[in-house]
Each structure stands twice: as C-alpha cells, then as structure tokens.
Amino acid sequence: MESNSGDPGPLETMATLNTVEEVARGVFRHRYVAPAIADGAEPGQFVQIEVSHLAFPVTRRPFTVSRVMEEEGAFEIVFEVVGRGTAILASSIPGRSLSVMGPLGRGYRTAEGSWALIGGGMGAAGFPFLSERVDVRLAILGARSTEQLLPCEAGELLIATEDGSRGRCGLVTDLVFEACLDRYDHLALCGPLPMMHAVVEFLTEDVLERTQVSAESRMACGWGVCEGCVIPCVDGYRKCCTDGPVFPASDIDWAGWMELCG
Amino acid sequence: MESNSGDPGPLETMATLNTVEEVARGVFRHRYVAPAIADGAEPGQFVQIEVSHLAFPVTRRPFTVSRVMEEEGAFEIVFEVVGRGTAILASSIPGRSLSVMGPLGRGYRTAEGSWALIGGGMGAAGFPFLSERVDVRLAILGARSTEQLLPCEAGELLIATEDGSRGRCGLVTDLVFEACLDRYDHLALCGPLPMMHAVVEFLTEDVLERTQVSAESRMACGWGVCEGCVIPCVDGYRKCCTDGPVFPASDIDWAGWMELCG
Amino acid sequence: MRLREPTAADLRPELLGTAFRSPILLASGTAGFGLELLRMDHLDGVGGLVSKATTLKPREGNPPPRIAETRFGLLNAIGLANPGVDSVLSDILPRLSGLPCPLLVNVAGSTEQEYGLVVERLEESDLPLGYEINVSCPNVAEGGMLFGADPAAVERISRRVADRTRKPFSVKLTPNEGSIVESAAAAEEGGADAVTVCNTFLGMSIDWREAKPQLSNLTGGYTSPTLLPLVVARVYSVSGSVQIPVIASGGVGRAEDVLELLSAGARLVEVGTLLLRSPDDVCRLTKEMEGLLE
Amino acid sequence: MRLREPTAADLRPELLGTAFRSPILLASGTAGFGLELLRMDHLDGVGGLVSKATTLKPREGNPPPRIAETRFGLLNAIGLANPGVDSVLSDILPRLSGLPCPLLVNVAGSTEQEYGLVVERLEESDLPLGYEINVSCPNVAEGGMLFGADPAAVERISRRVADRTRKPFSVKLTPNEGSIVESAAAAEEGGADAVTVCNTFLGMSIDWREAKPQLSNLTGGYTSPTLLPLVVARVYSVSGSVQIPVIASGGVGRAEDVLELLSAGARLVEVGTLLLRSPDDVCRLTKEMEGLLE
Ligand SMILES: Cc1cc2nc3c(=O)[nH]c(=O)nc-3n(C[C@H](O)[C@H](O)[C@H](O)COP(=O)(O)OP(=O)(O)OC[C@H]3O[C@@H](n4cnc5c(N)ncnc54)[C@H](O)[C@@H]3O)c2cc1C
Ligand SMILES: Cc1cc2nc3c(=O)[nH]c(=O)nc-3n(C[C@H](O)[C@H](O)[C@H](O)COP(=O)(O)OP(=O)(O)OC[C@H]3O[C@@H](n4cnc5c(N)ncnc54)[C@H](O)[C@@H]3O)c2cc1C
Ligand SMILES: Cc1cc2nc3c(=O)[nH]c(=O)nc-3n(C[C@H](O)[C@H](O)[C@H](O)COP(=O)(O)O)c2cc1C
Ligand SMILES: Cc1cc2nc3c(=O)[nH]c(=O)nc-3n(C[C@H](O)[C@H](O)[C@H](O)COP(=O)(O)O)c2cc1C
Ligand code: FES
Ligand code: FES
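Chains as they are written, first to last, in my numbering: chain A, 6 to 267; chain B, 6 to 267; chain C, 220 to 513; chain D, 220 to 513.
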C-alpha cells in the first residue's frame, strides 16, 4: 500500500520533446522539457509516457529517468526500440508534445560512500543520473556491441561486449566474476533478468546486502493501482512501480522471479 | 444471385491518386490512375476504396464513378466529407496509392432517346459520366448552396439551392413539380432518399416506368456476398451492390424503403 | 491442452477426411456461395469455403439497415437471408463445379427438425465436402443462438445431422450464452466431426443524439480484428476439452493472427470480415504464413 | 426498453439513495482503494469509486506476468490480489475520509459464504456507500465467474448480502458464461439494488513463435475501447429485463462512449482501462459530456 504522505504524488504533464539523438542503431536519447518532472525526480525513478494520442497502445510505456537538467527544466531518457510503443516514440520529431506521468516509483537510496554500478544493455540508462548524486568508483557495463554501450561517469570503467568490439569479448558477468566487489560500500545493478540473476548468484551474502536492484516488469498503470507489475520478493509479491523499481537485492526472491519471468 | 457469366468480375487494383481538387467546401474531386477500372466502367457503376491501409475502418467506402478518361487510364470520383472514411480520403495527397475494387454493380441502361437527370447533392456525382453516353436535354440539380453544386452538361440546366445562392431558392423537388417531364424518353434520379421519394411520389405512372434510380445503402463488401446492402423492392429485398445500384424506379418499394431508412 | 508451435505441416492440414491446401476457410456469410469469388478467380491459396447459411425455406432476412460500421469494427444483422435449400440445390450448387477447394454448407434452422431436413436435402448433391451446423446466429428471433446455448439441444441437433449424413460436419458455437466448452462437448457427444469456435459476439451501436439504433434489428453480430484475444481464449479452452478438431472463426486481421489461433489449438481458421474488405489479402495469408514460419 | 436521449440530468444521476455529481465511476481494480488518486488530487468530476476486490483473507494474486498488452487491448490476470478485509478495515478505510466521492467496495469470495462474511465485516465501517458484489472475476480458479454464470448461485449470494446490509449493492455480472439477462434477474430477485454489466471478457494471447502464453495464468480479462459495442448490447438487454438500475462497465474510451451507454439504459458508467492510462482524461469526461449535450 502507498503511504498517504501528503506529497502531491505523480503528475500528468505535457512534455515537449526537445532533442532526439540516435546514440546507437535502434537506441535513442530523448530530451523532454517538463519542469514539474525535472524538479522532482530522483535517480532510479521512472516516467510513464503516452507514446500515442491514438487509442492504441492502450497503456503508457515506462522509461527510467536517465538524467535531469534542472536549469532547463528538462529530463532525458535513453531507450531501445523493441516493439510497437518504442517504435512510435522513436519516430517522434522535436517539438512534439506528449503526456508524461512522473516521477514515479522509489529510486536508489543514495547513501554516502563508494559505489559500484553494474549494468547490462539499457539497464545502464539510469546510471548517468545516479552518478551525479553518488560517488561512483567503478562501473561495469555490458552490451551486444560497442554501438549499444551507454555512457557512464565512473572512476574506473570496465566494459564487455558480446561481439568483442570493445573491452572484453563476453558478458558483463565475466567481468563481475573477476572484480573485487567487497571493496565498495554500495552496488547498483540493472539489466536483463538472467544477467542480474547470474550476478546475484555470484555475490557474497555480505555484498548482496549492500546491493540495490532496479527491476523491470510489464506495467499497466505505473502508479500503483492495478497490481499488474508484481515482482516475487522474499515476503511475497511487491509492486515494481511503487514498491520499486529499485529494491534491495536481498528483498527479491530471485529463484521465483527467474522461474516466472526469466 | 449473381450470374456466372464468365466475365472476370470486379478486380482489386492499386490506383494512384493523381489530382485532388476541393471543388467546394468539404467536397473533393479525386482522379485516380487505374486502367483496369477506367476501361471497364459504365455510367452508374461504383468503386470500393480502401481509404486506409490500417485496420480501421474495417470496410471499404463506395463512390460512384463520376467520369473516366480512357486515354489516361483514369477515373474520377466526387465526394463529400461526412464521416471518418471520407475525412481520411480527403486528406490524401497526390501520389498516394490505394487499393480500389471495381467497377462494381449495374449502371444505367443507357438507351437512345432524350434524357432528363434529377440530382440532389452528391447524387449528381455520376452525371458527368452519364451525360457523355446519353443525350441529356435537361438536368435539374439541387444543393444546399452554390458551393456544393456539382457541374453537369445538359441542354437545359435548372438549379435550386437551399440558401438561394444560385437558381431557385428551395429544393430540387420544387423545380421538378414545375418541369414537364413527360417530354423525355428517360429519367435518371439520384440523391438523398427523402428527396428521391418526393420526386417519385410526384411522377406519373408513365414517367416512373422510364425512370432509373441510383440507390445508396450501407455496404460491407460491395461485391455481392454479404447481403448487407439490401433495398426494399416490390418483389422483396434486392442487393444495392450487385442488383443495383441503379434500379428501375418502379422496382423499388418506396414506402418500405422510406420507412426503414428515410 | 498444450500450446503448439505451428509448423509448415499445419499449413497443409489433414482432417475431416481431406487434405487441405491451406488452413484458411472463407467464413460463412462473407463469401456468399462462392459464385462471386469463382468469377473473380479469387480462391488461390484458400483451403475451403463455407457457404452462407442455408435454411429449408427461402429467407428474406432482416430489414435494412443490416450493416453498421463502428469505430473499431463491423456490426451485421443479416438474419440468415438465403434462397432456401431447393434453390441452393437447383440453381447454385450446379454452378460451383469449378470450385477449386472444398465447400462446407452452413446450415441453419428455426426448429431442431429443420436442421435434419436441410441436411437430408443437401445429401442429394455430391458437391459439398460436408456441413457447418449453425446453432449460433445472433440475429434471428427463433433458433439461432438459443440452440447453441443449450448443450442438450446441441447434442440433439448434432445427432439428427449425424443420422442423416456420412459426410463430416462441424457445429458452430456461440460465445454469447451458455458455456462454449459444454456445448462443444455436447456436439462431440452428438457425433460432430469438428466444432467451429465461434460465431459472432452480440453487439449494438446507438446514435445517442437521436436515441436510434444503427441496425433495424437493434443488435447484431460484432466482428473486428480487435476480438482476436477473445477467440484465442475460446479456441484454447475448447481444444483442451474435446477430441474432435477445432475450427477457429473470428478476429483474423493478418497472417500472425492465424498462426496464433493454430498455436491455441485450431486446425482450420475461418476469415470473414477481412474477406469482405479484400479477397486478395485473404489469398495472400497462406504465403505470408509460409514466410513467417521460415 | 426504449433507447434514451441522454440529457444534462443524466450527468447528475440520483440512484442508490445518492445524488451523484457525475455518472462516471472508477472501475474496480483500476483505482486501487483510492489512496493514490487522493494523493494525486485526481478525483474531480468523478461520480464515485469502486475499490479493488476485497476478500476475507489477504490474497497474493496470480504469479507474474499478470499483464499483457495486445495489438488492440489489454489482458490482465491479477487474480484478486488484495490485503484482505481486516487490513482494508484497519489500514485503508480510515485513510479515505477525505475521499470527495462515494466509495463502493468490490467484494469477492471463493465460496458463497465468504461474500456474506466480507460484507458483514465491512458493515463495521460507515465510509462505503455500498458494495459491488463481484461474481464474475475471470481470473480465479474458485468462485469468480462460475458463480456469475449460475442464476441460482447469483440469487443466493445476493440474498446473503441483502440479509447483512441495508446499504445498496450492485452485482457485477459476467459476459462469458450463462445468460447475463437471467443472472441479472436472479440478482434482482435476491435483493440487489443494481447490476453492473459487465466484468471483463475472457481473453488470451500467445507468443506463437515460442508456444508460450503471454500471461502466467494463460487466460485473462481482456479490456479495450474496441469492446464498446459488446457492452452496449448487454447493457441494453439487461436494462430491458430488470427494474433495478444498470451500471455499465467496459469499453469507454471517450465521452461519446459514455453517452452511448447512457442511451442504452445505463445510469452509471465505470471506466477502467482508460483510468490506468490517464486519470486526467477520466476527470475530463464529465465536462466533455456537458459540452456534447449542449
Ligand atoms: C521501470 C521501468 C523502466 C524502464 N526503463 C527503460 C529504459 O530506460 N530504456 C529502455 O529502453 N527500456 C526501459 N524499460 C523497458 C521499456 O518500458 C519496454 O522496452 C517498453 O515498454 C516496450 O514497449 P514496446 O511497445 O516497444 O514493446 P511491446 O511491443 O509492448 O513488447 C516488446 C517486448 O518487450 C517486452 N516488454 C513490454 N513491456 C515491458 C516492460 N514494461 N518492461 C519490460 N519488458 C517489456 C514484451 O514482453 C515484449 O517482449 C523500462 C521498463 C520499466 C518497467
Ligand atoms: C453505391 C454508392 C455510391 C456512392 N457514391 C458516392 C459519391 O459519389 N459521392 C459521395 O460523396 N458519396 C457517395 N456515396 C456515399 C458514401 O459512400 C458515404 O458517404 C461514405 O461511405 C461515408 O463514409 P464515412 O466513413 O465518411 O462515414 P461514416 O463515418 O461511416 O458515416 C457517416 C454518415 O454516412 C452514412 N453512411 C455510411 N456509409 C454509407 C453508405 N455506404 N451509403 C450511404 N450513407 C452512408 C452513415 O450512416 C452516417 O450517417 C455512395 C454510396 C453508395 C452506396
Ligand atoms: C456479414 C456477415 C454475415 C455472416 N453470416 C453468417 C452466417 O450466415 N452463418 C454463420 O454461421 N456465420 C455468419 N457470420 C459469421 C462469420 O462466419 C464469422 O464467424 C465471423 O464473421 C467471425 O469471423 P471474422 O472476425 O473473420 O469476421 C457472418 C458474418 C458477417 C460479418
Ligand atoms: C487491471 C485490472 C484489474 C481489475 N480488477 C478487478 C477486480 O478486482 N474486480 C472487478 O470486479 N473487476 C476488476 N476489473 C474489471 C474492471 O473493473 C472493469 O469492469 C473492466 O476493466 C472493464 O472496463 P474498461 O473497459 O473501462 O476497462 C479489473 C480490470 C483491470 C484492467
Ligand atoms: S503497474 Fe499498476 S500497480 Fe504497478
Ligand atoms: S454490400 Fe455486401 S452484398 Fe452488397
């Protein structure tokens, strides 16, 4: 249940698409002007975008806030075209005005200390925003190819690509297995479920306790009412959209989640 | 039932929209290049246009062939925007390629002798084609306003507009009541059902026998299979799309038709 | 019932004693009796054709308007207009000898007896491969969907038909009343060789400004590619509960939709509303499926 | 039952002992218990709110994925996830005192008794205006739509509820099985003050390439603005056969759709899937209807 905290809660606003950049083949960065969202967002939160004013698709599409530019009253998302909704969004041209709901969900608990970030594919979309707020010493990023790699500010950057076009030829997990993760006070993990599961399996209990996971789930509302987006957690199902999307890694029932959605 | 006549029957062809003209506010003339249709069409026949390649609307929209330019392999339609399908069609720009089915239906029995044409609104859309094939001595046309009047070649032209902006201020029927229609060997009548009904009520038995009516009905297929488009006739329901759209006026059960669709 | 991964073999299904060249059937009421399509030379790649409903006596059908298009679909209330079985036998079937695919005659009745009488008459012709027994028309006051909603009636009607023909027949069920799973079981019990899932969903559209219905019959059968998930669910449920093959009917707008219905358990798939719009598109479906399965 | 021409008075309906400021209700399962909307200050112009289904014990609901979007609509198989009536009474209702519109609590049960027990408990709170009795959930193995398909069960459950409360209640019916007209009559006979027509249509979507269902529950409730004609037909049929008011539920995508449902005989109209997408759009409906009626 959501706490009746007196905070006005998420808003529907008209956001103006300001810049479109195809950062890699099929991967787009969009900047939207929407001060109400830019002002309130925290790293790890997301927005729900109405990709079309037509009847279909019938629901919005969720995207992590990748960065905010408070002076401009703008925020950015980075997304990959995987289906109909993202295809429509990708075809938008600057100047287009869209209905955006947000900021939504609970982001990272941004504590003091050193951070290591581990991201696979679009999982790294939210890292730029996070790295502005915490002290990121290490980032381990993976992608299919150098083209799909998202940028990230970090003291040390380790990269794996499946085609070997940059960094290690292989998977993020290969790098994770070699890194000394006990060194860091906090870990942030985001990516495809099988990748996150492999990483989590490998982490010591101790490191797991310091790890936060940004989860994804199919969403209908994104603001807590439909109960559609649940993630199996150790104490039962939790809503990705309002209990998450960022969860303590140890709260998640990894085996259960993998079995159902992996 | 359709006769198994050996003629290849109507075709689906891709037609290219060649010229668009807004002949009056909300009334458009479109010229399409589609030799298969231009070659075969007869006055009074119609085409079924797929106005959108999207899923909706789910059916085509029927339009009378207004004129054919055989040398160009083109045909024209003239239509008024009355709803969604005609609105989509009106927004097409030259060069667009659409699927058109036709020529469909039975047109006018184009006999020798003198003709009088009576048309209300878009009912006159097919008269240009008809007047190229028969000897039109008189045309009586009506419209809401001079803007909506469609052109027609005829020895004598009588016009009524509801707002008095051209010709008689009033309805087509006012002119019909005054005209000497027994003079003509053939009559063609087309327009809104209440107008056609009023005209037919006025005609003598003798003139009625020489009158052909171009009927309209909501159509799903347009090529005879769905039984959706029936018009009440004296011997039962007849399909507008394949038994018509042009019917001998005396075949129609006017009272029944008015009651159901007037 | 497990979901299936459709393969090339599913595009040449063998059932009802027949090797079909495609799983696509033209749905009843949207292909007439095939004469128009035969003239248009438009039956390539089609597995078979289901005729307009045939009744004992000629039927005028419902008064117009019988058709109304809504924002996302089509309503029809034809009311089983057809020339009657005598005329079908004497005027129509003889002209269909050139039909390049099997014909199923869709049979309707306003009494249980009538189904048997119509089939008995149709047995005089060798042309039809078999029958589709329509106990599910939403647009008639007598019979129609009322039979389909009552498993006992479905079983009796199936038995009547089974007693009168050795040709295969499918019973076309309604999604609007009763339990489609129970009615399917009743059809099987009565001797049906297949069930068709399903006839149209009851729908209505109103011009609220005038408080006037769009159809003279008030309600009609609603068809639209948007209904595919409803048909997939019913095909899946029925496939899991009877042994006889399931023929899907409803919601097909593109080749992927046919494959989804095959995956849900259908062996043949009828296409109706899309055919009204474009026979060419329907003829292309089989080729498109072949492409998708490569 | 005649079709009605909606007027301004229909936008301020009086029924269930209440003067509603709008005919729009937020549909069960798409507004939670109102807490999120209260926080968002997003209930202007809304006539009332129907809560998520409440059961005797807490329910986890179905395993994920519970949601799948199809080409033209949404499938859900939530499975009545809710914190149970104790928690609703102690944790939720007390926080809803600021709710600017009436609340109906949607009640579900896996046995007939459970409906009575839940209502009995909810009577401890004054907050709800009344109840919506959900005998039609398509996504649970026990109870749910099986009750709704059986008029005798509908009547018994209605009677149980009527015996335990003097507050008004509506019985929410299923379009998937049985006869909705008969079930509505049974609800009326059992003492219901209204019927809700209807719960979701059973649907399914399959990833045919993988032979995998899109929902872990295999089937789900399908919602889409494309289903409006199906709901209009059922609202019309039921309105003509019972004396109690009909609450429409399903298919609303825009203000015109609400007016069409009012014309078909509905007195209140629920909006669900559109609310998930845009609470703002839903709040605007009443104003838009006022504009359309001018
Ligand atoms: C909190 C959250 C944050 C996200 N942030 C980003 C981001 O920053 N960048 C980005 O590229 N993507 C992000 N996603 C995923 C993104 O929402 C989906 O890729 C998008 O909704 C797909 O829409 P579609 O219409 O293009 O795909 P569809 O045509 O609907 O489906 C295509 C495929 O994507 C899967 N899918 C659909 N919806 C979701 C979903 N909500 N989550 C996961 N998979 C889905 C489907 O199962 C299917 O396999 C995020 C998802 C969530 C829940
Ligand atoms: C044989 C035939 C020839 C026609 N020729 C012409 C022509 O040359 N020029 C022209 O402007 N119009 C013509 N029409 C009418 C034209 O087909 C309709 O105006 C068009 O289909 C409306 O489509 P829509 O989607 O814009 O309207 P909709 O949004 O579908 O409906 C708007 C209004 O038009 C009515 N309507 C819908 N379909 C038809 C139909 N098939 N016939 C009559 N009314 C309908 C509806 O009942 C409604 O009141 C002809 C119709 C027929 C049957
Ligand atoms: C205009 C029309 C007429 C129909 N007539 C009949 C009929 O006579 N008998 C029958 O069993 N089904 C009839 N149907 C239902 C179709 O056979 C088919 O089941 C339905 O249209 C669903 O398929 P679709 O979604 O591909 O259109 C008719 C459907 C339409 C649209
Ligand atoms: C995600 C979701 C959850 C739902 N949960 C319930 C529920 O708990 N109880 C209930 O009676 N109906 C439930 N419904 C059905 C809705 O209340 C409503 O009847 C249905 O969505 C049709 O309306 P719509 O077309 O406006 O969405 C649910 C619908 C959705 C989409
Ligand atoms: S998406 Fe609706 S509750 Fe999370
Ligand atoms: S429109 Fe289908 S038969 Fe005439």
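Simulated from the structure, these hints should not be mistaken for lab results. Please note: incorrect hints may appear among the correct ones.
What the hints assert, rightly or not - Here are the computed lysine-lysine pairs in the BS3-like style, where the Cα-Cα straight-line distance is at most 27 Å:
{"no.": "1", "chain 1": "C", "residue 1": "K506", "chain 2": "D", "residue 2": "K431"}
{"no.": "2", "chain 1": "D", "residue 1": "K276", "chain 2": "D", "residue 2": "K386"}
{"no.": "3", "chain 1": "C", "residue 1": "K276", "chain 2": "C", "residue 2": "K386"}
{"no.": "4", "chain 1": "D", "residue 1": "K506", "chain 2": "C", "residue 2": "K431"}
No experiment lies behind these values; they were computed from the predicted model shown.
Each hint, compared with the structure:
no.: 1; hint: C/K506 <-> D/K431; in the structure: holds, 24 Å
no.: 2; hint: D/K276 <-> D/K386; in the structure: holds, 23 Å
no.: 3; hint: C/K276 <-> C/K386; in the structure: holds, 23 Å
no.: 4; hint: D/K506 <-> C/K431; in the structure: holds, 24 Å
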